[in-house]
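So the chains spell out like this:
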Amino acid sequence: MRAAPLPRYSRRRALGVGAGLLLVAACGGSAEDVLTPEADAGSLRVVMGLAESEWRVVREVVLAPFEQQTGVRVVPVQMEAADLVRQLDAQVQAGAVSIDLFTQDNNQLAPLVAKGLVEDLTPYADLIPAETPQALRPVLEFDGRLYFLPYRPNVQITYYLEPHFAQYGLTPPQTWDELLAVGRAFEAREKFGRVVIQGVPGGPVGVVVTEFLWQGGGDPLELTAPGSARAFEFLQQLEPYLSPVYQTAKFDTINTYLASETAYLGQNWPFGADVIVKQYRKQGVGAYSGWAGPAGEFHVLGGEVIGIPRGTPRREQALEFARFLMSRPVQEALVQRLAWPPMRDDAFGAVAEWQQPFFAAVQAALRQARARPNVVYWGEVERVLSDAFRDIVTNKQPVPPTLARYQAQIEQARAAAR
Amino acid sequence: MSTAWTPGRVGFYALAALFGLLAVAPLAILLKVSLSGPEDVLVQHPPFWIWHPTTEHWAAVLKPEVIWPPLRKSLVVATGTAVLAVVIAAPAAYVIARLPRGWRYGVVLALLFTRMFPEVIIATPIAVTFLRAGLIDTDIGLILAHLIRNLPFVAWILVGTFEVIPRDLEEASWVDGNGRLGTLWSVVLPLALPGIAVAAIFAWLDSWNDLLYAIYLLLAERTLPLMTYYFANRGSVFDVATFSVVLTVPVLVLTLLLQQYIRAGTLGGAVKG
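Keeping their order, the protein sequence lines are chains A and B.
The working numbering applies: residue 1 is where the first sequence begins, and numbers increase by one.
The working numbering applies: residue 1001 is where the second sequence begins, and numbers increase by one.
Hints in this document: simulated from the structure, not taken from any laboratory.
In this text, all values refer to a predicted model and were calculated from it rather than measured experimentally.
Among these hints, one or two may not hold up.
Said to hold, decoys possible - In silico DSSO-like links for lysine-lysine, alpha-carbon gap of 27 Å or less: (1) B:K1063 to A:K278; (2) A:K250 to B:K1032; (3) A:K191 to A:K282; (4) A:K250 to A:K191; (5) B:K1032 to A:K278; (6) A:K191 to A:K396; (7) B:K1063 to A:K282; (8) A:K282 to A:K250; (9) A:K282 to B:K1032.
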């Protein structure tokens, strides 16, 4: 069969489309657009994972004053916590580290230490201000060595939609029993669960399950302890009354679930207030620290710490910037502008009026916060907790034998880490 | 030609309409969300129509400092990838297409073999190599990374294209005094244009949508998928929807412009003797 040749005008049009695209692409470039390594050889690359509204404030109250004081240009880079690990892994392996300092979610530090991606900051321990609360220090160390510096403590708080609680004469749950009762009440009246917990495997489930384990008197590293079994039994009991969307709930989706009234009660990090109340203009959103289990109320200490990649050529400048981030003026500015709880006891500031109830909830939750176990195999523990959550809570497998099986996996991870 | 509405004809149009609806619905929803206020989206039963229209999400996204750098980056990289992929793969594919059947079959299988490795696994060593070469935050770095997975695929498509072009035509051209290169340029390439267009579209789309290598190889710059990913993590559903529309429109335009070159059978015959 002979292939029919295309008409000449079609060929011209095809070439025109291609040439047009190239032209658009080529004309768009400018010297300023492309940040070549040579062009910013003297500047400091700082990685953070922030929303645009947070970046605006950080540029204004952190980066600009630092540049003015020191004359060092700071290049801000947006990156999510998991991507930072991948990016740094490649850069350190290549011996071409171009990130000079990062702030990282303190629940995702273990891979950075386990892979040897961060500088040992033990010789710089005196950089930590004396006003730093003792509670914040455990997350900075692994095996007795200091790898991180404190920056920004954080904790999940509980959001609830006041009109729906008022509609059914309910009050926000303060205990496990009340949580179960509220879940049952919503499900009975609306035939749809309205309580949501973060059920996405990995970090989200890791935080949720760890908090329930502590509240039940258990331990995320000792799943066969009676308190651990109690926590999983409670979660199993609660599951039928949860909103079905809990399996896709994590730090970003849960904001949408609450704002769209798919769920009336859920826990998330404080940035959720900015999204739900300011961006989504949701009214009647209340917040409080959360509920207590048989052993009390506990929260996972989250937030961010400062790290310096191994092999950065600008380590001294990075340390100077770290010192600046921990300074009292910066911490006070971050409280006032972003309602971020400070990492030092002497930093105070008045937050905006609309943020006050959420800030109060954060302060209350922080008083009950503790650091998750600082073990380099925490990533494996999160996987085990997620698998156990799936088997026991979602798939209703029996609690004791399932936990025994997963405890064996934790023991293996612990032995491998040794 | 009969225009009677037979059951088969009705069924065909009904199916076509259904598939068309399925294809358009996601984009329509994205567009709706991007033009709606929270009252039309963040409720238990969102209305079908937009009752609280707003352009604030578009105004935020269309600020030059927000949209232009990632748009420029994505256009440069996707176009560069598509052009280079075709320029490099076309001669190779022509040679492969003219190999004896057994050899051709082996080479085509080898091309496909390179696509079998999970990219997440090979991305780190590739990124390490590129970082050592100083290719971070550069257009050419990302283009080369995208060529890794696009070259075999484009070559595979073009082998199928070239091998269905009869040798008789080339021989006739030689008799007319055209050399090999002249024949390739004036006879073979024009006939291969539909296949080349298909290959270029695939390479362009693949590069346009890439997130994995962008995460590894970009620090201070972003592509459009990286921006969408960022807003998915840190922004609102309105930001995500608006950026998703921005990401989709060039794809639609390009596909509409080039679809006339896509003909049945273009992809066929890649391994035929």
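Hints the structure violates: just list their numbers, smallest first.
-> none
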